[in-house]
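Novice: Those protein sequences? They're chains F and X, same order as listed. Under our numbering, think of the first position of the first sequence as 1, with each following residue one higher. Under our numbering, think of the first position of the second sequence as 1, with each following residue one higher.
Honestly, the hints are just simulated from the structure, not real lab data. No residue lacks a Cβ here, since even glycine has one placed at the ideal position from N, Cα and C. Possibly wrong hints are sitting among the right ones.
Some chain X residues near chain F, calculated using beta-carbon distances under 8 Å [as the list claims (entries may be wrong)]:
(1) Ile55
(2) Phe97
(3) Glu261
(4) Asn310
(5) Pro311
(6) Ala312
(7) Ala320
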Amino acid sequence: MKAFNVETGIVMPLDRVNVDTDQIIPKQFLKSIHRTGFGDNLFDGWRFLDEGEMGKTPNERQINHEFVLNDPRYQEARFLLARENFGCGSSREHAVWALMEYGFRAVIAPSYADIFFSNCFKNGLLPIVLEEEKVEQLFRLCGGDTAVSLTVDLPSETITLPDGETVGFAIDPKRKVSLVKGLDDIGLTLAHKADIEAFEQTHRRNMPWLFDRLTGEARGSE
Amino acid sequence: MAARTLYDKVWDAHVVGVRDDGQTMLYIDQQLLHEVTSPQAFEGLTLAGRAPWRIDANLATPDHNVPTENREAGIEGITDLIAREQVETLDANCRRFGITQFDILDPRQGIVHVVGPEQGATLPGMTIVCGDSHTSTHGAFAALAQGIGTSDVEHVLATQCLVQNKAGNYSVRADGRLPEGVSAKDLVLAIIGRIGTAGATGHTIEFHGEAVRALSMEGRMTVCNMSIEAGARAGMVAVDDRTLEYVQGRPFAPSGGRWAEAEAYWRALVSDPDAIFDNELVLNAGELVPQVSWGTSPEMVIGIDAAMPNPADARDEGQADGIRRALAYMGLNADQPITEVKLDRVFIGSCTNSRIEDLRAAAAVARGRKVASSVKQAMVVPGSGLVKAQAEAEGLAQIFVDAGFEWRAAGCSMCLAMNPDKLQPGEHCASTSNRNFEGRQGHGGRTHLVSPAMAAAAAIAGHFTDVRALS
């Protein structure tokens with residue numbers, strides 16, 4: 001997983017509530033068997049006027065100039081500012097892959113849907129939860145003519161604004177460690193292999209009907 | 001011990017321990033796999049040189065992008081070569097690791113959330129995961145069933161554990177009885193309309209109350225299925241006689257002495273009477289009318305007797321903007337009655353509403369009637385090959401065909417339109433699926449979520465109509 005420490009870059013405001021993962025990456029791109037190749041289709045339905053399909057490159061497409069992602073000011077955006085319940089809907093991790101491949105390193109929003117939130121931490125995309133009024137303050141800051149650059153410091157849990165003001169955010173300390181160090185999540189669990197095996201033995205004793213069951217043809221009886 | 005909820009009990013029975021970073025490792029009894037969210041997980045496993053922890057805890061079937069026509073051709077019938085590669089990849093991974101799969105030609109193939117319960121693979125008290133947010137469906141069996149991302153699919157394959165923090169408890173109690181013509185789908189749409197799509201974020205919902213107890217297992221699956229549309233990763237219903245009657249005798253369910261042992265444990269899978277919930281919604285099911293979604297989020301739902309909202313009545317500018325945006329996308333006007341909405345297509349299917357009971361409800365409306373000539377296409381897509389066979393044996397398929405519906409093979413189909421079944425830009429669809437997001441059923445498509453009976457009634461009338469007035 002990609003580690004997150006201190007990142008500086010432009011923030012792109014996406015002023016919509018309930019942005020669902022179908023919008024972040026539409027279904028026609030989920031046919032891929034790879035983890036890469038999604039960045040060009042991030043927000044495809046909003047970003048382009050024509051219908052997207054796998055294999056079409058952005059320069060073959062009709063750009064929707066009304067959509068913020070196509071605003072020249074935000075071409076190098078590293079942070080995405082959004083409203084509540086960001087990432088709702090489908091569990092597709094492709095949404096996180098698309099955001100990261102496009103170049104986003106963090107999302108800033110008042111709240112997230114649970115599965116998206118969890119998927120972020122598996123890939124090193126930082127989902128910052130910020131109080132509604134602070135999010136509003138950032139949207140106001142983005143209302144000017146020039147793009148706003150922020151510095152996000154995960155170890156100190158702060159966002160530094162262009163005028164030097166810092167805004168604090170909180171993050172689950174249990175999730176922070178892995179993100180700062182970029183640890184292998186599966187490796188962390190497998191370090192407890194003996195615990196899992198011990199639990200499994202007891203579990204099998206308590207609920208034997210949950211074991212030796214889905215292999216081969218379904219059993220008619222014991 | 002303190003009083004516990006059903007969720008607390010299933011959670012407690014699966015806690016392996018706490019990882020070094022402080023997160024809880026939850027043991028997973030069953031993982032369901034399909035073609036879209038598993039290839040990268042198997043690839044990750046292989047790249048890291050890891051093997052699956054427990055093969056017998058996995059069951060796979062392709063569903064998302066299988067075509068619903070020309071299925072005799074099997075894999076060769078998938079004309080989209082990229083989609084075909086994905087289904088072939090699932091075949092290859094299952095063969096390689098020895099995972100049981102109901103492949104595209106297997107009569108048991110179907111939507112993974114229909115297949116699991118149908119086969120008795122899903123059992124009460126289990127922890128279940130799948131790389132699909134509608135895994136919550138299985139909570140109808142008092143299982144803790146959650147949708148996960150692909151990294152977690154790999155994680156569970158490798159460790160048999162899901163690492164997470166425990167969620168809160170949300171009680172949704174539906175008192176009274178659903179009136180005739182008002183179904184489980186209407187109940188869950190009404191719940192989402194009340195609490196919103198983020199209403200239960202961070203919680204597991206337990207659905208209870210007289211109206212829930214009165215639901216069939218199919219109805220409970222419909223309700224739990226859409227927990228995620230209320231923000232909850234999991235929804236659950238306590239075990240009762242109906243749960244056990246459904247499970248008993250199914251192919252993967254225990255039998256004989258093992259059944260008796262299991263039953264004794266399963267009977268205790270109910271919340272303690274004095275268990276405390278962090279949040280609560282109480283509604284009177286007896287007052288509900290058939291529901292129709294009008295906008296681009298499942299919370300944008302109204303009764304069949306109502307009209308579109310007006311942005312002027314919104315509580316704040318943010319909500320007004322949301323209503324305006326949704327009305328514009330849907331091509332509808334403020335204050336317009338929902339019955340004025342004309343349908344181009346009708347879709348009866350999806351993991352929400354493609355079980356035998358759903359098809360019976362739709363067929364009861366379609367019987368002896370004809371799909372309106374203004375409707376370009378009305379299709380019925382059964383949830384599994386076995387549901388399809390049963391519906392054919394019961395004569396339901398013939399009723400649909402006689403009425404002018406297309407009768408298709410099992411799969412996710414137009415719920416998310418990854419296969420060839422999709423809407424054209426601007427088309428309105430009465431759909432028994434679960435999401436009305438922009439473009440969900442096809443680029444520019446306009447989805448209205450309804451029950452199977454309401455979808456059939458809309459197909460006959462050519463516009464939304466109260467199914468209770470038809471009969």
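Novice: Against this structure, judge whether each hint is valid.
Specialist: So, going through the hints one by one against the coordinates:
no. : hint   : result
1   : Ile55  : holds (6 Å)
2   : Phe97  : violated (11 Å)
3   : Glu261 : holds (7 Å)
4   : Asn310 : violated (19 Å)
5   : Pro311 : violated (14 Å)
6   : Ala312 : violated (19 Å)
7   : Ala320 : violated (12 Å)
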